[in-house]
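Q: For reference, the chains in residue letters:
Protein chains: 2
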Amino acid sequence: MPTAAMIVIGDEILSGRTQDVNVQVLAKALGARGIALSEVRMIPDDVDTIVGTVNALRGQVDNVFTSGGIGPTHDDITADCIAQAFGVGISVRDDARAILATNYVNPERDLNEARLRMARIPDGATLIDNPVSKAPGFTLGNVHVMAGVPKVFACMVESVMPTLTGGVPMLSDDVLIEKGEGALAGPLAKIACRHPDVSIGSYPRVVNGGFVVNIVARCTDAALLEAAMVELRQLA
Amino acid sequence: MPTAAMIVIGDEILSGRTQDVNVQVLAKALGARGIALSEVRMIPDDVDTIVGTVNALRGQVDNVFTSGGIGPTHDDITADCIAQAFGVGISVRDDARAILATNYVNPERDLNEARLRMARIPDGATLIDNPVSKAPGFTLGNVHVMAGVPKVFACMVESVMPTLTGGVPMLSDDVLIEKGEGALAGPLAKIACRHPDVSIGSYPRVVNGGFVVNIVARCTDAALLEAAMVELRQLA
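Going down the list, the sequences are from chains A and B.
Following full-length UniProt numbering, the numbering of the first sequence begins with 1 at its first residue and continues without gaps.
Following full-length UniProt numbering, the numbering of the second sequence begins with 1 at its first residue and continues without gaps.
There's no promise every hint is true.
Chain copies aren't distinguished; within one or between two, either way the pair holds.
Only pairs whose alpha carbons sit at most 30 Å apart, straight line, appear in this in silico DSSO-like list of lysine-lysine [stated by the list, open to error]:
#1 K179 / K190
#2 K179 / K151
#3 K179 / K134
#4 K190 / K151
#5 K134 / K151
#6 K190 / K134
#7 K28 / K151
#8 K28 / K134
#9 K179 / K28
#10 K28 / K190
Honestly, the hints are just simulated from the structure, not real lab data.
The following block holds chain A by itself, in its conformation from the complex (with noise of 0.2 Å):
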């Protein structure tokens, strides 16, 4: 199975200001394409920590994909930090250019020194199609750079995933069951030993002050997954 991870750059997620929500939708899109999201790293903004990152992931995985630090403010180094590690140049592109254009009735007017930072592109890269805010995000090697804004991330992860090589989608059913885990334990190992190709994850909450236990089971194939669901329904 493709391979992926995610980078989420961000000093406002370390901090605890906000709330990220792009790693379920990337995961999920990923899932739906057969891709396997093997890891997420949350990173400051700092120049080497980025660099060194994406170096170091960008071999591990078939695809990398990075979150935030794309738009035209002082605080805003991701694009810098990419031609950095692929050892390229970056600048200001035509193609880039043109469509951050479409966004303004008077482009010469608008279209400042800041809002152009947002057209620098490290050589080689492929563009990104962002349909809500026109600035691009990018393509380099195997590394898709993304904008960190959830609605603009989530139109650019949906104009990324039709240009990735993907594998078998990964299946997956659930069962809710009103139990602890510690009364279903031992009957759910039974069942995830005489189903090996079956990955069954146990996922207790609390629910009005007690325990409920979502059984969740995967598999690429309908049949083995089908034949797993049938005993874990059983625990109900």
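Given chain A, work out where chain B should sit, using these hints.
A: Relative to the frame of chain A, chain B by itself:
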């Protein structure tokens, strides 16, 4: 400033089935205690990955926090992985068993083999209190091992915080500006230059189809922070 890293352990996060909410809870608690969360990694339920990640991070930061994988079921492997990472033994410990027993009217009958898994604690660890459902977390060296269930995780964070060496708390303030970032970027960069001790971030989001920007300033010194905020508020 003391540093921390978090390891979110769980296939359910990486598959997109579950939205993580624990990162933000920990990030806020650490910030209030003057500890910087410098990295988060989300990794699968895989022994080698967990052991490797714990050992990579515990040498890099002052505190490592893990969430997930300490329940009674077959997929709860975190405690064993921590023992392996530190090269110590793990067994059912009397103090942890006694705490678990308080959950049951008839512990002799109800504290079954699966539930006793939650009393397996690596040698040398100290317990972390869990007022929600008793089953304790634990601290071994500088690694704090906590439950993934958000309600339990949040309580364990409360239990651990007073035991940590804190620093000067990071203060922050913000101003919401109903303009696009492109119009603000120039003056914002100048303000950032004039206040080098204040970290200034610009976080756009889409509201009613248009962009608004939240400008966030962070500093450990209240007077320096306010001096920057005076200028930032004039951007509105």
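Q: It remains to establish, for every hint, whether it holds in the given structure.
A: Status of each hint after checking the structure:
no.: 1; hint: K179 / K190; verdict: within (17 Å within a copy, 59 Å between copies)
no.: 2; hint: K179 / K151; verdict: between (38 Å within a copy, 17 Å between copies)
no.: 3; hint: K179 / K134; verdict: between (50 Å within a copy, 17 Å between copies)
no.: 4; hint: K190 / K151; verdict: between (43 Å within a copy, 29 Å between copies)
no.: 5; hint: K134 / K151; verdict: within (12 Å within a copy, 40 Å between copies)
no.: 6; hint: K190 / K134; verdict: between (53 Å within a copy, 26 Å between copies)
no.: 7; hint: K28 / K151; verdict: both (15 Å within a copy, 24 Å between copies)
no.: 8; hint: K28 / K134; verdict: within (24 Å within a copy, 33 Å between copies)
no.: 9; hint: K179 / K28; verdict: within (28 Å within a copy, 32 Å between copies)
no.: 10; hint: K28 / K190; verdict: within (29 Å within a copy, 40 Å between copies)
Of the numbered hints listed earlier, not one is contradicted by the structure.
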